[in-house]
Amino acid sequence: MKKSNTLISPELNVGDNVFAYSETEISEIVKQRRSRLKTASTGTSQAKAVGDYDIKDVKGWTLREPVSKRAYTVIKIQTGSGLIGFGECAPLSPAEFEEAKRIIIGTPVTSFEVMAPKLMHVPTARAALNIAMLDVSGKIANAPIFQYLGGPTRAKARAFAPLTGNNDQELISSMHRLKALGFLAFGVPVPDTLWRNQGQAFVLATRKRLDALRAAGGEGIDFVLNGDNSLTPGDAQMICEAIENFHVFFFDEPCIPVSIGAIKKLSDENVTPIGLGKKITEERQILDLIRDDAVDIIRPSIGLNGISQIKRMAVVAETYYIAVGPENNGGPIGTAACLHLAASIPNFFILNIPYSEAEEDRRMRSEIVMEPVETIKEGYVALLTNPGLGINVNEKNLDKYMEVSL
Amino acid sequence: MKRRKFLYGIGSASALLAGSKLSGQNIIPEDLNDCGCYPNTPLFAEQTGPRVRPTPWQAGDFDYVLSKVRITDLKTIPVSVTPTSDRPYVFVKLETNVGVVGWGEATLEGKAGSAQAAVHDLKDSIVGSDPLQVTHHWQSMWVHAFFRPGPILGSAIAGIDHALWDLRGKLLGLPVYKLLGGPTDPEGVRGYYHARAGNREQLIELRESAEKLGVTAFKTGLASPTYEWIDTHAKIDQAIKQLQMTREILGPDIDIACDFHARTSPAVASIIIKEIEPLNLLFVEELCPPENAKAMAKIAKRSTTPIATGERLIAHFGFRELIEQGIVDIIQPDCAHTGGITGVWAAGALAAASGVSVAPHNCTGPIGGLAAIHTDAAMPNFVVQEVCSGVEPGINEKVWEEWLGFPAQRMVNGKYPLFPDKPGLGFDVDENALKKYPFAGTVPMGRVFAEDGSVCAW
Chain A
1 MKKSNTLISP ELNVGDNVFA YSETEISEIV KQRRSRLKTA STGTSQAKAV GDYDIKDVKG
61 WTLREPVSKR AYTVIKIQTG SGLIGFGECA PLSPAEFEEA KRIIIGTPVT SFEVMAPKLM
121 HVPTARAALN IAMLDVSGKI ANAPIFQYLG GPTRAKARAF APLTGNNDQE LISSMHRLKA
181 LGFLAFGVPV PDTLWRNQGQ AFVLATRKRL DALRAAGGEG IDFVLNGDNS LTPGDAQMIC
241 EAIENFHVFF FDEPCIPVSI GAIKKLSDEN VTPIGLGKKI TEERQILDLI RDDAVDIIRP
301 SIGLNGISQI KRMAVVAETY YIAVGPENNG GPIGTAACLH LAASIPNFFI LNIPYSEAEE
361 DRRMRSEIVM EPVETIKEGY VALLTNPGLG INVNEKNLDK YMEVSL
Chain B
1 MKRRKFLYGI GSASALLAGS KLSGQNIIPE DLNDCGCYPN TPLFAEQTGP RVRPTPWQAG
61 DFDYVLSKVR ITDLKTIPVS VTPTSDRPYV FVKLETNVGV VGWGEATLEG KAGSAQAAVH
121 DLKDSIVGSD PLQVTHHWQS MWVHAFFRPG PILGSAIAGI DHALWDLRGK LLGLPVYKLL
181 GGPTDPEGVR GYYHARAGNR EQLIELRESA EKLGVTAFKT GLASPTYEWI DTHAKIDQAI
241 KQLQMTREIL GPDIDIACDF HARTSPAVAS IIIKEIEPLN LLFVEELCPP ENAKAMAKIA
301 KRSTTPIATG ERLIAHFGFR ELIEQGIVDI IQPDCAHTGG ITGVWAAGAL AAASGVSVAP
361 HNCTGPIGGL AAIHTDAAMP NFVVQEVCSG VEPGINEKVW EEWLGFPAQR MVNGKYPLFP
421 DKPGLGFDVD ENALKKYPFA GTVPMGRVFA EDGSVCAW
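Quick note, the sequences are listed as chains A and B, same order. Each residue of the first sequence is one higher than the last, beginning at 1 in the working numbering. Each residue of the second sequence is one higher than the last, beginning at 1 in the working numbering.
Hints were generated in silico from the structure; no laboratory data involved. Treat the hints with care, since some could be wrong.
The list that follows gives simulated cross-link-like pairs (lysine-lysine, BS3-like), each with its CA atoms no further than 27 angstroms apart [unchecked claim]:
{"id": "1", "chain 1": "B", "residue 1": "294", "chain 2": "A", "residue 2": "264"}
{"id": "2", "chain 1": "A", "residue 1": "396", "chain 2": "A", "residue 2": "101"}
{"id": "3", "chain 1": "B", "residue 1": "68", "chain 2": "A", "residue 2": "377"}
Given these sequences and hints, build the entire structure.
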């Protein structure tokens, strides 16, 4: 490297070009600097990655429930020392799985936060890996994930289940069955849409459906109205207004997300709380929703984001005093992850449990995870207190229900 | 008098605590009627049942999800490295029923007494609790303060938060950076020293030291200790030339940051950053006081140099507006002021969502700095860590080594090393060594004035 003192020009005036290096010299300097930094990074530092805690192998199963046809991918990671962790995400393609595997092998399991940017192009796999890495990290520390992350911030997690049925009467029956299991909050679908734009009959039918459910359900129950992204902004607008004084928990995905402006109009003109965000895969995707006052409860999916990313989203939401309700539309491992998330963040409000009315689906869920992770009591689910995710995954049954091997 | 009794967990409230596994947790006082908004007023009580409701700890709700570890005492140990120091370190020590202790630092420059008192104000909400539940305690300290924390309470919460994380790490057997999800780089955390070089000879020497030590970045300041609302050609020119000389001598391969320390008004700062734009500095810091985002924005849009600020802002809430409006490129939360590890991590996560980086400020004692280093190692948007010291260790750092047994906050090849095998924050404190530096009282920060006697910032 050029001696520093030869670079000094004796006279220096404001506006002078202070770069005494020529182009070629700069590149030489940059080269040297890089080599110096490289030496530093492989030098005599006391820190060394602990091989035992590095990820050695990753395996995956894509499963499908027999009746609901709901699909999800379960992945398993194994460390050098043989510790095992499980994660779950939305169905993964073999290509995405292989790419994520290539990146994650050799990584310390505790680096679940800092690995996120490196897996940005495989967000779904990132979600499952994050959960699995936390599972192992918790086992290393002999602590449930919520404790590893600084919780519990609550002693139990509020949950709701979707009602199933084709008409108000069937929905009421479904509510009675779910209420008997311990649910006190229910997801209600909007009535079937017959035309692209509905009229007053549709608005009244929606309100009537909610009124009928509340009348049949008695006191102490609450509802989430699910628009399922199916309505036009205009219909959603009318429904928001018609149910303002019904006090649903929130109106989930009220309309086709044509633009933030359209959704923002809902919350500008109505006070029905709005839930949005089931499809988002990056923290930044919630920024505009929040800053434009379009949302009251963010709904990031556990199977698309994992625990850590929703935890970071929760920080953003917290500064705007906005709640987090993780979307949970996969299997029981996803539910377990949601419970740990709920007890790790301050602004959790509710999670949904994709409770299936079909016996075959429920049997499959209970065979994958041996613990009763989805048992609800007076509207709340208890936290899982064993190390890591706090569950025992039965690998034989993963094979039994496997649709695609990854 | 009744209130006083309540605060210390005795009096009428004690009935609820009797037989409880936890003591000292906040409860809703039965006998306090000073405020109509209190949860024991008839409006609320009639609707929700009993006039005095137990906390979830007292009700046993948390029993099945807590560890068996309980905090048994909170102590503050203020120390003055020199009798005239404006920042006596306010160390916080949490003791537990299992004998493990946690250390933190609630130092606040010029406000040692206030910070120490604020830590003790929080004692009642910490003693008796499970240290693993740090997020919940942080929320409780923040929310139940009612008056949203500023620097004094932010520092007090920080001291307790560090100690809780230290305990968490020691109890779970892992260094804090691993609990946070790190490390980004197992070799350590990139840092910078203060340049402390005002003339050519000193800068040449600094350049040579940097090459020898492998240091890749420095921070310098403006040439004058004070600036007025508008300033003279001579002072502005001096500031610009000083920075040009610094770049010239340190060369293009060392990153240089410049701390304006909010000495300047938007008018003066704007002129300087416009002219130093070609120097491609790593960042310019605190161009004006931090509470007015619009004023900061006015300066920021006049230059391409990255804008950094935040050592006086508290937790993620304090950074929200600057980040939202795209004013700031790098945030600089101080781990000893901004609500500790929990606060810095949250501010960092908020910044990350908007593509903003983190370069934590650190000008207190060794524990606040070490807490920051652990947090840095787990933030993907981390840039560089400050230590308020030059390439040669100062008197402070020699004293720190005496206390902690190792050269805290000295870089190795330009990075602060991580210690993967040391749980918690990774050090033990020699309490006898602390006793050699007794607290010499609060010393206010320096006061500076312009030529006409008016008040200036420094």
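Status of each hint after checking the structure:
| no. | hint | verdict |
| --- | --- | --- |
| 1 | B/294 x A/264 | holds (25 angstroms) |
| 2 | A/396 x A/101 | holds (22 angstroms) |
| 3 | B/68 x A/377 | holds (25 angstroms) |
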